[in-house]
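If you read the protein sequences in the order shown, they are chains A and B.
Per numbering that gives the first Met the number 0, the very first residue in the first sequence carries number 0; after that it's consecutive.
Per numbering that gives the first Met the number 0, the very first residue in the second sequence carries number 0; after that it's consecutive.
Among the hints, erroneous ones may be present.
If you anchor each label on the Cβ, the simulated ranges turn out as follows [to be verified]:
{"no.": "1", "chain 1": "B", "residue 1": "MET63", "chain 2": "A", "residue 2": "GLU163", "range": "37 to 43 angstroms"}
{"no.": "2", "chain 1": "A", "residue 1": "LYS186", "chain 2": "B", "residue 2": "SER192", "range": "43 to 49 angstroms"}
{"no.": "3", "chain 1": "A", "residue 1": "ALA172", "chain 2": "B", "residue 2": "LEU160", "range": "22 to 28 angstroms"}
{"no.": "4", "chain 1": "B", "residue 1": "LEU374", "chain 2": "A", "residue 2": "PRO34", "range": "47 to 53 angstroms"}
{"no.": "5", "chain 1": "B", "residue 1": "ASP252", "chain 2": "A", "residue 2": "GLN144", "range": "58 to 64 angstroms"}
{"no.": "6", "chain 1": "B", "residue 1": "VAL247", "chain 2": "A", "residue 2": "PHE176", "range": "34 to 40 angstroms"}
{"no.": "7", "chain 1": "B", "residue 1": "GLY70", "chain 2": "A", "residue 2": "LYS46", "range": "23 to 29 angstroms"}
{"no.": "8", "chain 1": "B", "residue 1": "GLN249", "chain 2": "A", "residue 2": "GLU183", "range": "39 to 45 angstroms"}
{"no.": "9", "chain 1": "A", "residue 1": "VAL131", "chain 2": "B", "residue 2": "MET215", "range": "57 to 63 angstroms"}
{"no.": "10", "chain 1": "A", "residue 1": "GLU163", "chain 2": "B", "residue 2": "LEU374", "range": "49 to 55 angstroms"}
{"no.": "11", "chain 1": "A", "residue 1": "THR146", "chain 2": "B", "residue 2": "ASN287", "range": "36 to 42 angstroms"}
{"no.": "12", "chain 1": "B", "residue 1": "ALA98", "chain 2": "A", "residue 2": "LYS99", "range": "37 to 43 angstroms"}
{"no.": "13", "chain 1": "B", "residue 1": "MET215", "chain 2": "A", "residue 2": "GLU183", "range": "39 to 45 angstroms"}
{"no.": "14", "chain 1": "B", "residue 1": "GLU68", "chain 2": "A", "residue 2": "THR184", "range": "27 to 33 angstroms"}
Just so you know, these hints were derived from the structure itself, not from any lab.
In this text the structure is predicted, and so the values were computed from the model without any measurement.
All residues carry an ideal CB built from backbone N, CA and C; glycine is no exception.
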Amino acid sequence: MKKQTNYLMGLILGLGLCDLAAGAVSPAQKGACLPNGNGVEFEAIGKPSLLKIVGKGKPVDCEVSLLPDSGGSKLVGKFKFSIESLDTGIELRNKHMKEKYLEVGRFPTAELEIKDLKFKSISDLSSETAFVGTLLLHGVSKEIQGTFSVKGDEKEATGEAKFEVSLKDFGVAIPSFAGITVSETVKVRVPVSVRKQ
Amino acid sequence: MKGALVLVCWVAALVFVFHPSAGFAFPDMVRHGYINCNTCHVSPSGGGALNGYGREMSREILSMWKGAEDGKEQYFAYGLLHPENTPVWLKAIQGEVRAVQFHREDKTVREGAFIPMQTDLEVVLTHGPLDFSFTYGGHRVKQDTHWKVQGFYGMFHFNELVRLRAGKFSITPGIKLPEHTAWIRRDLGFGESTDSPVAEISWFSEKAGLTADLRMTDSNPEAPQPEKGILASFYVSPIEKTRIQTSVYQGDDPKKTRNVYSFSALSGPGGLGVSDALTFLGEAAFINSRSKLPGDPLVRSRVEYLRLNYECLQGLTVYGLRERSQSNVTDLKTEKEAWGAGAQWFPRTHFEVQMQVEKVKIKTLGDDFGTVAWLMLHYYL
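Turn these sequences into a full structure, and let the hints steer you where they fit.
See the structure below:
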């Protein structure tokens, strides 16, 4: 199971969006994720019995910047997630997931970098908006796509990122145990809360 | 939304408990996110032989003392057959021994009995998309033990979602409780020894399931289940660790026809911040029965079952129980109610101990509560 740290999403956008809502060009603004928000979640399906496996972890750490861009703004940020924090509710499953498949001893964190998420105004982000980023997971860096949405004000914003990860793309062996095999694609949801610095 | 749904489940549970009178499978595995019985069992309706995953979960999440993580204790005969040496055509094999010490006491009677309930061996063979299961053993009927093929079925898996099954096995509207003496099973005519010829088609996804059964009359005229019928069940998991189910059954036997409408809910209410060690199981069934004798009126009856489980330690669950049954809703004297408590203990894989005590009031016998208690010992190989 992977965790995708798609922090990007709306969190950062909340910062300084009010300035941008009027189309004004403003100086770069920075923000950081709050540590006490909701944690990352993933959902995988185990076959053949179509077992839904849900894992939950800690909130992400992030540093984001909101930069002026022609016609609006763009978001740049880095998001980091502790894979060790993931919990699927069953101890043996957690152990297999972390030690055997995700190899947390070698790759304790996952990181997502967004370099160029453009938008015109914050209202554009209240509904799910597509993004493209680079995910580093299990020692493999690959481009991924997802969606995010955000709501907030000048000081804080909360949002959610969603995306899917193909285990094979990141060199993760397909988890299998006692006749249950996890499907290759895992859905990830990243709630984010960001405060302006 | 999630919190609201869980709150509705709790309210429903309380309604069941306080509603004024005028209603082997382990369903509570839902609290671990297992809403489909076939995750752990070969049978899509639950109960019976465990598959390899079910064997592992019996150790990992059900047993108080797990044993070695990489051991083979949880498998058939303590590892005589395990995944690495089991032939590919043998999907599952499981032996079951079950006995109960029963006690009943009220104004008119005080009795007890030790009843060897079950001694079975189920073998499931597989080839490609086909499974074939047969169960041989002894079931006690009154003072006699009958040794024979107790049940069997063939199952064809069209794909991951759809399967067709036919054979001789039991069906039940609602949740397949292992306690077949519960009124929600026995009073509906789906208690013990209800295996009959059935054809079934089922569809399951990770969030919902649909099953349709055609139950045929056993050709043996002495068979206890002369009723034929059609059963349709649908369940959905609207939020994590919750299963809501509705079933409709239409039955026809030589004396009457009847319709059974069943509604049930199982949930681990972790969504409200309440401990995941708590689960509740609630079921209500409404029956319309019409005799085939001319002039006999329609009889409406109802049965209700509510249970709150608390797993105080892994492998040890205590529960509170409420049952109500009324064979004719227009006649209060046909009502019976029970309040009880019990405990279920899985000390180690292969073992189960369960005890239950209920105070039972049967209006036809008066307004006093009697006592029904039992201690069940279950060992599966």
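Hints, one by one, checked against the model:
1. Our hint of 37 to 43 angstroms for MET63/B and GLU163/A holds, since their Cβ atoms are close to 39 angstroms apart.
2. Evaluation of the 43 to 49 angstroms hint for LYS186/A and SER192/B yields a pass: the beta carbon distance comes to about 45 angstroms.
3. Separated by about 26 angstroms at the C-beta atoms, ALA172/A and LEU160/B satisfy the suggested range of 22 to 28 angstroms.
4. The hint said 47 to 53 angstroms for the Cβ distance between LEU374/B and PRO34/A, and at roughly 51 angstroms that hint holds.
5. Look at ASP252/B against GLN144/A: about 60 angstroms separates their beta carbons, and that is inside 58 to 64 angstroms.
6. For the hinted restraint 34 to 40 angstroms between VAL247/B and PHE176/A, the CB-CB distance of approximately 37 angstroms keeps it satisfied.
7. Separation of GLY70/B from LYS46/A is about 26 angstroms and conforms to the stated range, judged on CB atoms against 23 to 29 angstroms.
8. Our hint of 39 to 45 angstroms for GLN249/B and GLU183/A holds, since their Cβ atoms are close to 43 angstroms apart.
9. Separated by about 59 angstroms at the C-beta atoms, VAL131/A and MET215/B satisfy the suggested range of 57 to 63 angstroms.
10. At about 51 angstroms, the CB distance of GLU163/A to LEU374/B agrees with the hint of 49 to 55 angstroms.
11. Range check, THR146/A to ASN287/B: Cβ separation about 50 angstroms, and the 36 to 42 angstroms hint is violated.
12. The given range of 37 to 43 angstroms is respected by ALA98/B and LYS99/A, whose C-beta atoms sit roughly 41 angstroms from each other.
13. A hinted range of 39 to 45 angstroms for the beta carbons of MET215/B and GLU183/A is consistent with their spacing of about 42 angstroms.
14. A hinted range of 27 to 33 angstroms holds for the C-beta pair GLU68/B and THR184/A, which are about 29 angstroms apart.
In the structure shown, a violation is registered for the earlier hint numbered 11 alone.
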